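**Q** Chain by chain, the residues run as shown.
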Amino acid sequence: MRERLEKLTESFRSELADAPDLKSLEETRVKYLGKKGEFTAILKGLKDLPPEERPSAGVLINETRDFFESALEAAKTGLSRKQLDAAIELEKIDVTLPPKRRETGRLHPLSQIIREITGIFIGMGYEVAEGPEIELTRYNFDALNIPADHPARDSQDSFYTTDGHVLRTQTSPVQARTMEAKKPPIRIIAPGRVFRADEVDATHSPVFHQLEGLVVDKGVTMAHLKGTLSVFLKELFGEETKLRFRPHHFPFTEPSAEVDVSCFACGGKGCRVCKDSGFIEILGCGMVHPRVLSMRGIDPEVYTGFAFGLGLERIAMQRFGISDMRLLYENDVKFLSQF
Amino acid sequence: MEAPISWVREYTPVACSIKEFEDVMTMSGSKVETTRVLGGSVSGVVAGKILSIEKHPDADKLVVTKVDAGSETLQIVTGAANLKVGDFVPVATDGATLADGTKIKRGKLRGVESNGMLCSIEELGYSRSEYPEAPENGIYVFTEPQEPGVSVVSLLELYDEVAEFEITSNRTDCNSIVGIAREAAAAFGAPFTPPDASVKEAAGGSASEYISIDIQNPDCLRYCARVIKNVKIEPSPLWLRHRLIACGVRPINNIVDVTNYVMLELGQPMHAFDADGIAGGRVVVRRARDGEKFITLDGNERALDSSMMVIADPEKAVAIAGVMGGENSKVTAGASAILLESACFAGANIRQTSKKLGLRTDASSKYEKGLDPNLCDYAVNRAAHLIELLGAGEAAAGISDNYPEPKPPVTLPIEYDKINALIGFSLSRDEIDALLTRAFIEARGGVAHIPTFRADIELQADLAEEAARLYGYDKIESSASPAATAGRLSRRQKITELIKDTLAAQGYFECVTYSFESPKAFDRLLFPENAPERRAVKIQNPLGSDYSVMRTTPLNGMAESLSLNCARRNKECRLFNAARTYAPRDGGLPEEKFAVTLGAYGEKFDFFDMKGAVCALLDVLGIKAEFLAVSDLPYAHPGRAAKITKDGVTLGFIGELHPTAAANYEIGRRAYISALDGDALIESADLSRRHAPLPKFPAITRDIALLAREEVPVAEIERAIFERGGKILESAELFDVYSGNQIGQGCKSVAYNLTLRSSERTLTEDEAAAAIAKILKNIEEKTGAKLRE
Ligand SMILES: [Zn+2]
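Just so you know, the sequences run in chain order A and B.
Heads up, the first sequence is in our numbering, so the first residue is 1 and it goes up one at a time.
Heads up, the second sequence is in our numbering, so the first residue is 1001 and it goes up one at a time.
Careful, some of the hints might be misleading.
DMTMM-like cross-link-like pairs, simulated, lysine to aspartate or glutamate; straight-line CA separation at most 20 Å [as the list claims (entries may be wrong)]:
1. A:K47 <-> A:D85
2. A:K269 <-> B:D1023
3. B:K1494 <-> A:D217
4. B:K1418 <-> A:D217
5. B:K1019 <-> B:E1166
6. A:K275 <-> B:E1033
7. A:K44 <-> A:D85
8. B:K1593 <-> A:E130
9. B:K1727 <-> B:E1765
10. B:K1084 <-> B:E1136
11. A:K275 <-> B:D1677
12. B:K1356 <-> A:D154
13. B:K1494 <-> B:D1677
14. A:K100 <-> B:E1572
15. A:K100 <-> B:D1023
Chain A is faced by these chain B residues, among others (derived, beta-carbon under 10 Å) [what the hints assert, rightly or not]:
16. N1420
17. L1422
18. A1464
19. Y1473
20. Y1508
21. T1513
22. R1534
23. V1537
24. N1565
25. R1580
26. L1589
Note that these hints are calculated values from the structure, not bench results.
From a predicted model like this one, the values you see are computed outputs, not experimental measurements.
Think of the CB as a built atom: it goes at the ideal place given N, C-alpha and C, for glycine as much as any other residue.
Extracted from the complex, chain B is given alone in its bound form (with noise of 0.2 Å):
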């Protein structure tokens, strides 16, 4: 909402800086986003009188004129030829600034001596579509005398400061010149005068004469007109052009500009008809036709629906409710009487209209916040007041008015208590009656009268609101709130940040991916068409098909942000992902899942380092995994990856990215991710921790290599090892794998570090020897290995 100053003033004397009112608007609950000067730049341009003209000795397209500039008379070359003596126009004077930011110095004009510079209304920072009585080419000539040397600024009403206001919804009744006075009055406990909406009704006849208004659809809640008789259409004074000029609007002529006028003022839209373009004197508020066609004020042809509503008489349309009026009953030169509208449309109706004709209007704008219908009648007579006031035209006598559920003002007993204990503040009762009287909210006698335009105060926490802001929220004094519970995050919560700072230890950096993907994801990362992960949550109303389904695993995003490294050419990479994925569910919400992702290339990066950052993470959080391969993950190599599970529960997977997949990715490189099930991670964590006494006794620990088949896994050798172990096996550290000239085809070398001790004694050396003898029977009879001899 865009409101000049010195309109607000004319309502309420508010006399302080620009900064000032900012300010106190701002804090009081009306926030000023900017404020802009209008007419700033020009300076030293005063009003001069013409008092001679003369040719040019050198150039034929130029006059020498002598201007009476109030202190002095000044020699001025001019190319204009729209001007005579006696003429009034502005001249810049030497040092003026003009509105473009040019500055003129005196000089000399093809050898003539030019101490300054006459101005088009261009030069001033205007257009002829504001000042319409400027000619097309050349120098603005006053249409009536002035006094020379008076600056053009003030003459031609160029200054002003316009406020941009940022209104809430709540507060509809801001969107108006009228709206932000009262909350100017408000704020600064200063006088509120309404505008004159007086009505002379020189012109006989009265309105319900030539018009009555058949409402048919309730959407309509009221509808007012009045007619105007004896129009004479011409352009608009100055003031008034002016302030519309201000608020962005373009003059057009009197009596439009009054109906544009008016809505800026009151916040009402006005509408106004040619009083013969309505047949039979009948107004019928009703719903469009579906397939109905009407050609609107613009000239666009519109297609309408049964959803819309028009204003019509018993023949056709002519206007669309709240948006726009028609081609047909268009106001023109010739118009010999009008009907003026002022009515009021439910807001949803009119949104969804303007919407699905794509057509948004000042009007409609102000419909679709919800107007008060009490506003119509004052408004309509504000416009004819005016109109008398142009002498535009003549009102007949009255208002045509139908107004089916008349909307009666309300109010609400006041709990001074109730909004005390809420402010945190103690107010008496007259304190809190005058702040609300402040706000227009009439308080007496313990109940307060809200009048219709506040159709947001329902509760005794609005009138608080009303109370505090106007009190000052900077002065509610601050209270500490007594804490009477205990901070704390969850389990889940707790182990979250520390899979976090765990896998950030292990070096790995964490990034956040978006929750949506492309379809494509699943075609990248060689999902077979019947894989359930295909089956995604879908958004109705993406910002793209790139955009489209929810992710259902957290692959996706992990490639692509390895792809987006390698693209920026990153020699290594370590990321990892904490977030969720989303499963359809019939009937409800999807499920959520939390997943934790590692993902990482590097010229020594193998899928080792990322075996040894999953198992320090498993470490810490006290889960015993095992690690079993698989070749059946599409996204995964099939030689190269792994399932992890605990005690037949998946926790995830851990492998090199199929080098397909990465090739899709554009990832040039060998690339590994490791995919975590978040929510069993937390399920199977176990943080408690207990102290075994340190040892007392000495460990034995013997070395042993074994001859293994290549295709065994040491996970089986290592099983093999601790399932007759026993409790003396205190650990057992494989540390040489070979496989070589030395060792048959087809075999491997193991060798293994085990480490012996008995919690109670010193072992002997038999007992050793008979452990190790035990051990190494059992990984014969499981795995085939022997003994290297």
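Isolated chain A (complex conformation) (with noise of 0.2 Å):
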């Protein structure tokens, strides 16, 4: 019986490192294991043995069996394996083929910058402000303490609608407002679309685009103008961006501010771009001037305030190397899509 059994196992092996599929593999199951198989003769046979051999030839054709199932398990599994392997090697592709894709759009440029500064404020506490682009003159001037003889208000750099109101020169008229509709704590900015009478070139636009900011509360000082300012440019340029606040004059703040940025073309050392002074110049601000609250009914003895102001599309053309405003408005999407 043993005998048999071993010549059994040693022809069993054969035939499972040879066959070649699982066709094959189920058909040496069925010679050895099925109804009729191998082990079905055995078992008949166990019956023509002495009795007393009988219980340790039963061990031995069980364990032979278990054996048998386990080795057709593990070569189905390796030859599944094996064949999954062959029809996934056919299915192999060239994955440096174009994608298929909808292709997305993106917001302007300027927009953009919008975006980042609103974030950098409403971090900080503001509101976003918004107002009329074609604006009464006492909002774009009077309020604004700019006296009625002041070269601003010429039709050479101010657009008038034949009603008399003005497409508004800056968007400080957004300041006037909100304090009139505002108590305060105040803190805004606008962003937004002004005018101005220049004609087109490679750094002049009649449209553009600024932004202004407003604080009014108690106890506000030129140390927290300062303070906000360098928190705000340094979000924006860089931490590294080193900034310088010249006195200047605004008629809506006293005192005033011009702020400079470290070049960012040659970082301070001096250039062409910033001629030479390291610097370049970024935006104006300044305590807001009292007359400028009492005449929104806000009392400057009890309120003070800063403001200030910058122009967007030269931090856009900074920012992504733009050298020709007027690229910002022709809309040629392979312009468009560059950002």
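Both chains are given apart, each in its own frame, so use the hints to dock them into the complex.
**A** Rendered as structure tokens:
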């Protein structure tokens, strides 16, 4: 019996090793383990053995059959794996072929800059205010303490409608409107479109964008103005940016300042871009003029405030390396898709 | 404002490099725009004495000179004919550089060795108008003996540094050398010595004997005059000419030069009249008469009107006040006595006059900004002082001065706490007093004495600025602003951002267009004559007719942008725009409406591509809208346009641009535009979302194919489906529309996939069949479409 089983195992092993696919493996299984297979025959032959040998022979048969079964299972797993590998091998694709894609659009570079700046100020507790683009001269000039004979009011500089309104020359009238509509504390920024009678060239456009900021509260100081702007400008231009506050004059602030940031092109060493000064003028600011406050019904003895304003085109141009402002208004998709 | 540094230093001893000067001035509020160096490129040119002149052996037009150039005697060949032995001349030695950058090297001229070059004034960078003693063609000869070997840059005062300042509109006092010098003194904490204005008055007689002044126009705030006798007109000395040149003013003669010099130095315009040209010795400041003709110094006849002001005598005008003098009273070489005017006029009047006449002069641009009337007498004295100094004439005693309302100096109590609180520093009273005093605002006993040239200082905030800027803005400690408010976007702003993001995600690029456009846009867009869109806000002073009306519709900007992309040969283009349109409103500001606009074209792009983007946007905004065919939009293809509505409110339109309009914009292909009312979108947007339980029971799906008349819009069929679908109709998806051979003429097949599901139990086949039957019945009733057999 033992001999017979050993012979059987030997032939099973070699058949198993030679089995090319799952089908022949199944044939092997039927041949040995099937109803009419070898084991059935061996089991039938068990009764021909002497009774005392039967138990040990039974154990041996069972062990052998268990081995056959697990060997078959293992061979089956191996073979299926091989077949899958072969199939996978045929399914290879060239992953460098172009994608099927739905192209996405982009926000205009100016919108991206406005969004970035707005995000910085919202983080500092500001709201975003808006106002009309065609404005009353009262808000665009008078409320900002701009004298009646100031050259900025000239039709050479500002566009007027035939009804005597002005296309706002700055976002500052939003300040005036906000102070009229709200009680302090006020913390707003006002990005928007403004107009000046400039002919179109690489650095001028009759339509452009500004962002205005205004804070009015008790105890607001110029030190707060400096602190706020340095947080903002370092966030916008990078932590290593150096700032320079220079005294200046604006009718609607006193004291007033212009703020320069270290030159983007040379980092402050001096170059053509910054005319060798190492700095680039970036915004105007100051403490809200007491008359501007009192004209809007805010008591300058109780409240103080600061305001600032900056042009957005030049920031977008600097950020994205655009040298001609006209590109921003042409709307060529080859340009717009770069941002 | 241009200021030669050497001139500034005459009044305040600031000794530092030009770079440091620039920085300190800029950081104290006088921004230096640029600096330039005069005579900077000339080097190696020295004074030389001509020792001998001999004929050149081989050239008739050349001579050979021996020149004592200090350290050596040089043989130099020259072609100039204006030299004699003993003359002192500029000698460019070997290795010298001329004003135009030419390098001089020793060499041979027609075989004779020449070790340098004798120079003309032009070769030193100037001209005869600045150095009138120079010959027309030839070598410059010094008028006085010079020490050979000394650099001509110093002898001719060629060298100077000139700083150009940006002067802010509140600091008219800084439009002068003295103003800059005061600022420099303040910035550096250096002493300041005002220019000498003492007058000897050697001429005898008094000004008032010669001149009386009658001011008839209140726009003349003050009129001062001095009389100069024994006038001797000649060129000014070099130092004076040089300063004028450095400031870009051409020297003319000593009297005119002095008036210009004082204008530059003190900022006070001056004018010199020939005293004989003023009849009766009576100066009248009056309004011009309408239509009065006047010939100005430049020889042009000017037509005046009564808004302008003239200086006149009882017979005639002699000058346009504050702008330009007249031909009839010009100072000429024969003048025996002159009248020096130093007056103050209201800035607005001068600006208007200058603008109306189209005549802007140095004087008018100074007056325009508003001057201090208390400067008049000082300036006229300073001019008389210089005239005496130059030996150009002698002053008669006293000033004729008419000053109707003298402007007194102002005082302001100093509120130290308020100044500290505004800036955010804590300076002592003494420190603040010292800073103000440095700024020429004398601060003592808690009171600031404001000089009249600082009319801009009115409030504590102004004092605070003076203290802060001299303390140094950069030294003010930054501090964080306490945020007592929550930052946020409004609902409107949030939705606007959402709209932009959604359209970008749908593949559209945001574009930015001008707010004003050509009125021809309405024709290009085929608007009929009476279209309300043609009623636009007009610009009074546009840059040109192409920018003369404020847009009433966003269509033109979009069509132009598409057109540009076609012209640039971009194969496809998808744009969106989120901006305002402007509608005129009677009495009040125009109505500004928010418009969201899409525009696109492309080889495979069609109406439904754009509809997809619009529907995606509506989905994101939570708006369930309907699309209704419209054929009466002038700018749209009548068979390919839809109105988008929600509950009867129009949200906008979508359609193909009318082929004629597309042709008008030279868009040589089908283009699609959707113009949405941004305000209505924001108003209708519903961003609230609620969770609905996910389905627990299986769905039953059924396909139905319907036979409908061609003209029935599928939207009607769909509406009929949902009307009777009941709660169990989950969705109805159109999956096929077909018209062709198998279908009858004028008909189409429309196929839907319906999904039915109950949220409470598993639907039975019978329930589904009943629901479908109800739906089909309703479709037939409402649209005539039947189930295809
Ligand atoms: Zn630089």
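**Q** Determine for every hint whether it applies to the structure shown.
**A** Results of checking the hints against the structure:
Distance restraint check for K47 of chain A and D85 of chain A: the Cα-Cα separation of roughly 47 Å exceeds the 20 Å cut-off, and the hinted pair is therefore not satisfied. Taken as a hint, the K269 of chain A and D1023 of chain B pair is honoured in the structure, with Cα atoms around 14 Å apart against an allowance of 20 Å. With a CA separation close to 26 Å, the supplied pair K1494 of chain B and D217 of chain A exceeds the 20 Å bound. The straight-line distance between the Cα atoms of K1418 of chain B and D217 of chain A is roughly 15 Å, inside the 20 Å bound, and the hint therefore holds.
Restraint check for K1019 of chain B and E1166 of chain B: satisfied, since their Cα atoms lie roughly 16 Å apart, inside the 20 Å limit. Restraint check: the Cα-Cα separation between K275 of chain A and E1033 of chain B comes to about 9 Å, which is no more than 20 Å; the hinted pair holds. Restraint check: the Cα-Cα separation between K44 of chain A and D85 of chain A comes to about 42 Å, which exceeds 20 Å; the hinted pair is violated. Straight-line distance between C-alpha atoms of K1593 of chain B and E130 of chain A comes to about 13 Å, which keeps the hinted pair within the 20 Å bound.
A C-alpha spacing of about 16 Å is found between K1727 of chain B and E1765 of chain B, which places the hinted pair at or below 20 Å, so the restraint holds. Between K1084 of chain B and E1136 of chain B the CA atoms are separated by roughly 16 Å; this keeps the pair inside 20 Å, and the hint holds. Taken as a hint, the K275 of chain A and D1677 of chain B pair is broken in the structure, with Cα atoms around 47 Å apart against an allowance of 20 Å. For the given pair, K1356 of chain B sits about 13 Å from D154 of chain A by alpha-carbon distance, which is consistent with the 20 Å threshold.
For the proposed pair K1494 of chain B and D1677 of chain B, the alpha carbon gap of about 16 Å is at most 20 Å, so the pair holds. A distance of roughly 17 Å separates the Cα atoms of K100 of chain A and E1572 of chain B; the hinted pair therefore holds under the 20 Å criterion. Between K100 of chain A and D1023 of chain B the CA atoms are separated by roughly 58 Å; this puts the pair beyond 20 Å, and the hint is violated. A cut of 10 Å between beta carbons decides the hint on N1420 of chain B: the least distance to chain A is about 9 Å, and the hint holds.
The interface hint given for L1422 of chain B is met, as the beta carbon of that residue sits about 6 Å from the closest beta carbon of chain A, less than 10 Å. For A1464 of chain B, the shortest C-beta to C-beta distance to chain A is roughly 6 Å, which falls under 10 Å, so the interface hint holds. At about 4 Å, the closest approach between the beta carbon of Y1473 of chain B and any beta carbon in chain A falls short of 10 Å, and the interface hint on this residue holds. Because the closest C-beta pair between Y1508 of chain B and chain A is about 4 Å apart, less than 10 Å, the hint holds.
Look at T1513 of chain B: its Cβ gets to within about 7 Å of chain A, closer than 10 Å, so that hint holds up. A least Cβ separation of about 15 Å between R1534 of chain B and chain A goes past the 10 Å threshold, and the interface hint is therefore violated. At a threshold of 10 Å, the smallest CB-CB gap from V1537 of chain B to chain A is about 5 Å, leaving the interface hint in force. Among the interface hints, the one on N1565 of chain B holds; its C-beta lies about 6 Å from the nearest C-beta in chain A, closer than the 10 Å criterion.
Because the beta carbon of R1580 of chain B sits about 6 Å from the nearest beta carbon in chain A, less than 10 Å, this interface hint is met. A hinted interface residue such as L1589 of chain B counts as satisfied when its beta carbon comes closer than 10 Å to some beta carbon of chain A; here the least separation is about 5 Å, so the hint holds.
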